[in-house]
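Student: Okay, here's what each chain looks like letter by letter:
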Amino acid sequence: MTTSRAAAAVAAAALTALGLAACSDDEPDDGRTHITVTIDAGLEQDAIDAFDKRIEQFEEANPDIAVERQEYTWTAGTFTAQLAGGTLPDVFVVPFTDGRGLIERGQIADIGDLTAELPYRDSYNPNIAAAGEDPEGDMWAIPIAAYGQGLHYNRTLFEAAGLDPDAPPTTWAEVRTAADTISAETGEAGYAVMTNDNTGGWILTTVVNALGGRTDDGAGTATIDTPAMRQALEDLQAMRWEDESMGDNFLYDWAGINQDFASGRIGMYVSGGGNYGNLFTQNALNPDDYGLTVLPLADDPNSGVLGGGTLAAVSPDAEADEAAAAVEWIDFYYMEKLTVQEAAVADAEVKAETGQPVGAPELPVFDKATYDEVQTWIAEYVNVPVEQMAPYTGQVFDQPLLNEPTVATQEVYAVLDTVVQTVLTEEDADVDALLETAQTEAQAAIDAAA
Amino acid sequence: MTSIDTRPAGVTGDRARPQNAARPGRRGGLLARARGGLPTLVFLAPMLIVFGVFSWLPIGRAVVMSFQRTNLVADPVFVGVANFQQVFADPQLWTAVQNTGYFALLALLFGYPIPLVAAVLMSEVRKMRGLFSALAYLPVVVPPVVAVLLWKLFYDAGEDGVFNTILGWAGLGPFAWLQDADIVMPSLVLEATWAAAGGTVIIYLAALTGVDPSLYEAAEIDGGGVWRKLWHITLPQIRGILLITFILQIIGTAQVFLEPFLFTDGGPANRTLTLLLLIYRYAFTNSLGGDYGAAAALSLMLAVVLTAFSVLYFRLTRSWSS
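Protein chains in written order, with our numbering: chain D, 1 to 450; chain E, 1001 to 1322.
Honestly, the hints are just simulated from the structure, not real lab data. Fair warning: there could be bad hints in the mix.
Said to hold, decoys possible - FRET-style restraints, in silico, Cβ to Cβ:
#	chain 1	residue 1	chain 2	residue 2	range
1	E	Leu1167	D	Ser263	22 to 28 Å
2	E	Leu1172	D	Asp430	28 to 34 Å
3	E	Phe1314	D	Ala320	56 to 62 Å
Stated by the list, open to error - Rough simulated footprint, nothing fancy, chain E against chain D, three-plus residues with beta-carbon under 8 Å:
#	segment
4	102-112
5	190-201
6	204-217
What the hints assert, rightly or not - Not everything, but these chain E residues come out facing chain D in the computed CB check (under 7 Å):
#	residue
7	Leu1072
8	Asp1075
9	Pro1076
10	Gly1158
11	Val1162
12	Gln1179
13	Thr1264
14	Gly1267
15	Asn1270
Note that the Cβ used here is the ideal one computed from N, Cα and C, for glycine as well.
Please take these sequences and the hints and turn them into a complete structure.
Tutor: Okay, here's the thing in structure tokens:
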């Protein structure tokens, strides 16, 4: 009895030790530097295959580095948890708005010395480079893409409603009329907006910028309770309650609205101009349906199109060799295709072979001439319906580009989420009262962040 | 290992248990208290380690964090009770308290009696009771996220939504189930009741099997109907279980998160913002590193309130459950 008890105890202890040992996760000791890199979550198999092909090419060119992909999509909520939990990949992407805050708090690796060696470091558009630089001008995060907001529209719904898809709206009044027509003729939402997960604030800020307003003065004062904001909300209120042209879902987040637009349930919506890739690869958009135009800008000297972009950053947990390998990957995967003809062609070729979109519109991170040159290199591989995007690509470079607010951006967006949701779900919503409250809350958020 | 603890009880701090002194020859200290000796401790070790590391350590860490300002990357700074003051000053706290209370009330009104009624009815059924039990329990087996996605289709606000189509046959609707500030919370409670009722039904069914059948037979002989049997036999006989499920229901609904998070993300316009969702927002809304201190502070406050409520509840109901 005693013996069997002792044996069982030893077995239990061994199992415990085994269980604890299983918790450790050492890298394989093959002499190579191992890094994990970001791949969008939810991609179709073709897109994953294309990514794997790029990894193979990278590892051939860098035999001392082993790359493993990790699914990752930036959202405000999940990013915070991953950052705090230390589960981010070694290379990850964040929006421009987060760059300076992450740098100030030391939440990303300082790769300033490594980025200084990049051949195109000094070619960046200074406004774009600033998103990833510390106050001394060291680049901690590398800008890899930039966009300007655009008005996405469904050409098929336009045609079904008797509208000309080659002549999309050029004013907000025309947007309202088109939405009303689409809704009446097709039964689908003529115009829809995101409202959840801070996207309501993001899109409201976009429209306010297009009308000539701002959400802060750049010096620590919130400017929510303004005529431009009031007009943006009253336009929404009219479309929702008078025209009833906004469908029946008023709790969209970014993924949800993309899904419904791609499935033909939405006539128009505002989002980043480079959204075609997501619509096509993750939401099975029929390319024939797709149309993209610029945001209507009010006749106001302050009106502009809200821009943004993506930074590639390195995990603060990365060792020196991993950080160096991570910058190599960023240079190879994200940047060479923007600067080196051979890389641009190779990237486009892989994407085209695997049915991924090539040629979706972006804004240049360097200068327009470099961007145009890249477009000529990859022209033969372009497979997106560029003519259907011509209303956007033909005008966006002439629109004044505005940066997102840099202080308490997500908090202010969250405050505005509630405002937009209230306007869209409560018929008697008092816009003045909402703006007064939002002004106070946004100011508190800015003060707290300062 | 085999030495005998010959110290008087006071030395081991065991004044309250003088009976130890009357049992010479037993192993002393921890081993003595652990009864089974070393093997017991070894068998307990995995559970103690896992429970300590994954349960008590985070709880202790959260208590400390509620007095800190931290983004979990940079070094934390102790800020005293500033996090608690910040939470109390947040107008959204009272919105969340009201919404959580409203959810708990609705869940109590609808979610609490339905499983009991279902269990009593099923216990009356002579045939295919197993089938009914399985059907009642089926929603519990469906993963919660899948269930919410499914119900989102049911709740589609368009005329072709599942519920709106059915109600449309009776000339009702369409209703904006998740978009209308007035009916969004009942909509969430409906799904939550559907999802959770099966588990409670099974508990009640098990409790009902413990009721002495002779009591029912005596009642039938005396001419008692279903209602009198329920009121005078069933409910008194299972009152202990009823009291337990009541407090579990209160604790569960006070911590409702899944439904508001997945259905509405607290909307429209914070009408479904609950306490746990507010904690989540403190921690995760700001992508630059959430306000973990405030999140921990509100979590601690909620835990204290629920603990106090539970203690008070059990004291007040002690005489009923015995």
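Student: Give a verdict on every hint.
Tutor: Hint by hint, here is what the structure shows:
1. E:Leu1167 <-> D:Ser263: 22 to 28 Å: holds (24 Å)
2. E:Leu1172 <-> D:Asp430: 28 to 34 Å: holds (30 Å)
3. E:Phe1314 <-> D:Ala320: 56 to 62 Å: holds (58 Å)
4. 102-112: holds (count 4)
5. 190-201: With 4 residues closer than 8 Å to chain E, the segment 190-201 of chain D meets the three-residue bar; holds.
6. 204-217: violated (count 0)
7. Leu1072: Where the cut-off is 7 Å and the nearest Cβ of chain D is about 4 Å from leucine 1072 (chain E), the hint holds.
8. Asp1075: Since chain D brings no Cβ nearer than about 10 Å to aspartate 1075 (chain E), farther than 7 Å, the hint is violated.
9. Pro1076: violated (12 Å)
10. Gly1158: holds (5 Å)
11. Val1162: violated (14 Å)
12. Gln1179: Holds, because the Cβ-Cβ distance from glutamine 1179 (chain E) to chain D comes to roughly 5 Å (cut-off 7 Å).
13. Thr1264: OK, holds: threonine 1264 (chain E) within 7 Å of chain D, min 6 Å.
14. Gly1267: Given a least distance of 5 Å, the restraint on glycine 1267 (chain E) holds.
15. Asn1270: Interface hint status for asparagine 1270 (chain E): holds (6 Å vs cutoff 7 Å).
Of the hints listed earlier, those the structure fails to meet are numbers 6, 8, 9 and 11, in rising order.
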